[in-house]
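Undergrad: Sequence order for the protein chains is L and B.
Residues 1 to 231 in the numbering used here are what the first sequence lists, from first letter to last.
Residues 232 to 457 in the numbering used here are what the second sequence lists, from first letter to last.
Worth flagging that the hints you see were computed from the coordinates, not collected in a lab.
Take the hints with a grain of salt, since some may be wrong.
One-sided excerpt, in silico: chain L residues whose CB lies under 7 angstroms from chain B [what the hints assert, rightly or not]:
no.	residue
1	ILE119
2	LEU123
3	GLY131
Glycine residues also receive a C-beta, built at the ideal position from the N, C-alpha and C atoms.
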Amino acid sequence: MFDLTPEEWTAVALSLRIALVATVVALPFGVAVAWLLARKNFWGKALLDGIVHLPLVLPPVVTGYLLLIWFGRKGAIGSFLDEYFGIVFSFRWTGAALACGVMAFPLLVRAIRLSFEAIDRRLEDAASTLGANGFWTFATVTLPLALPGVIAGMVLCFAKALGEFGATITFVSNIPGETQTISAAIYTLTQVPGGDAAALRLVVIAIVIALAALIASEYFARRAGMRYHGD
Amino acid sequence: MIAVDVEKRLGEFSIAAKFETSAGATALFGPSGSGKTSIVNMIAGLVRPDRGRIALDNTVLFDSAAKIDVAAHQRRIGYVFQEGRLFPHLTVAQNLDYGRWMSGLPADAAERERIVALLDIGALLPRRPGKLSGGERQRVAFGRALLMKPRLLLLDEPLASLDRARKLEILPFLARLRDEAKVPMIYVSHQAGEIQRLCSQVVRLEDGRVEAAGGLELLGAPETTH
Chain L
1 MFDLTPEEWT AVALSLRIAL VATVVALPFG VAVAWLLARK NFWGKALLDG IVHLPLVLPP
61 VVTGYLLLIW FGRKGAIGSF LDEYFGIVFS FRWTGAALAC GVMAFPLLVR AIRLSFEAID
121 RRLEDAASTL GANGFWTFAT VTLPLALPGV IAGMVLCFAK ALGEFGATIT FVSNIPGETQ
181 TISAAIYTLT QVPGGDAAAL RLVVIAIVIA LAALIASEYF ARRAGMRYHG D
Chain B
232 MIAVDVEKRL GEFSIAAKFE TSAGATALFG PSGSGKTSIV NMIAGLVRPD RGRIALDNTV
292 LFDSAAKIDV AAHQRRIGYV FQEGRLFPHL TVAQNLDYGR WMSGLPADAA ERERIVALLD
352 IGALLPRRPG KLSGGERQRV AFGRALLMKP RLLLLDEPLA SLDRARKLEI LPFLARLRDE
412 AKVPMIYVSH QAGEIQRLCS QVVRLEDGRV EAAGGLELLG APETTH
């Protein structure tokens with residue numbers, strides 16, 4: 001059953017890499033946006049909230065197409081990044097990571113924002129009377145207390161990125177070894193005669209990875225939670 | 232010496248309070264809702280007055296006319312809250328050291344030992360606040376506020392959340408703090424008994440205004456400790 005062909009292994013490894021990079025790169029942006037939405041009132045806040053959540057409700061193919069228009073080689077942002085930083089997204093695994101990150105971003109922000117909102121603000125006041133400025137209050141009180149939510153958000157983001165299909169295939173296509181993730185490989189296998197066995201193998205792998213991620217997140221969240229209540 | 236002259240609108244309620252004190256321990260005395268906590272929050276820098284001036288010794292902490300507003304984290308004013316507000320993710324020892332770290336003070340092992348002994352919290356150091364009793368938590372909160380070497384200590388009904396037995400356990404510590412720590416205190420309470428034990432000056436508040444300021448005679452009829 002787990003006798004995967006090299007091509008299938010490539011798809012699995014690529015999926016993991018894309019999901020991991022998407023999560024790690026999205027994290028600082030996710031924390032920043034979550035903090036803004038949880039703590040600040042500013043003009044356009046509802047708009048920002050809406051834009052962040054848009055990938056959750058838009059058809060993935062729309063998100064993928066917009067990425068293609070903006071981040072493709074001829075796109076406004078894509079051509080700029082290519083020319084000045086040598087970063088190319090179109091038809092590369094980096095583009096798949098971008099698509100996965102964008103699609104998973106709402107889940108990441110949501111989880112972190114909720115945990116920021118659940119923190120007792122009075123603890124932050126206490127920190128400031130003890131001499132902590134805004135940055136240190138955030139680093140030593142807000143963020144550690146929000147850690148279970150941050151971890152939960154990262155795992156959700158990772159799992160979502162792992163399973164992303166629509167936006168990725170629209171933006172960077174389905175190129176074996178470059179942009180063909182587990183989902184794309186399964187899709188390809190179901191389109192060819194005799195591909196069922198291979199598709200099923202990848203399905204099992206997808207389930208195992210997703211389940212492991214969820215169990216890991218539960219474990220970390222529980223451990224972090226225990227630190228506050230145990231002695 | 233601390234001089235307070237502040238005005239603040241909070242919805243329907245408004246505060247306009249002016250007082251000065253140089254006593255070792257001054258009570259802000261008044262019924263719930265008389266503005267005691269809001270005034271203390273303004274002194275700490277957690278709430279910004281609409282107008283007025285707050286000065287501690289020779290330092291102006293807030294002056295609306297001169298546009299001075301020293302940030303809370305730069306005021307060096309220790310604050311013991313009603314509910315302790317210990318950091319749940321840090322141990323008692325880390326809670327105690329937090330103010331020293333954040334204020335960039337050098338380690339002072341002798342002073343730390345002295346305060347830990349004074350408050351009798353040595354056995355609690357490795358534990359986390361979650362499992363401490365209410366009285367233990369408040370004692371740690373006193374220690375945390377003292378160890379940042381404050382210029383002034385604000386105590387906002389620090390005994391209010393405790394039962395009678397715990398209050399009696401903590402009152403002697405507070406009296407020792409007042410006598411040994413040599414930090415001026417502002418003690419917020421509506422319990423005349425606590426104030427009689429600790430304070431020599433009283434600022435009596437009513438509906439956001441200073442109704443009277445003076446000695447312990449302002450507490451009214453003698454009362455026993457609650």
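Undergrad: Taking the hints in turn, state whether each one holds.
TA: Outcome of the hint check:
| no. | hint | result |
| --- | --- | --- |
| 1 | ILE119 | 10 angstroms, violated |
| 2 | LEU123 | 6 angstroms, holds |
| 3 | GLY131 | 4 angstroms, holds |
The structure is inconsistent with hint 1 alone, although it conforms to all the rest.
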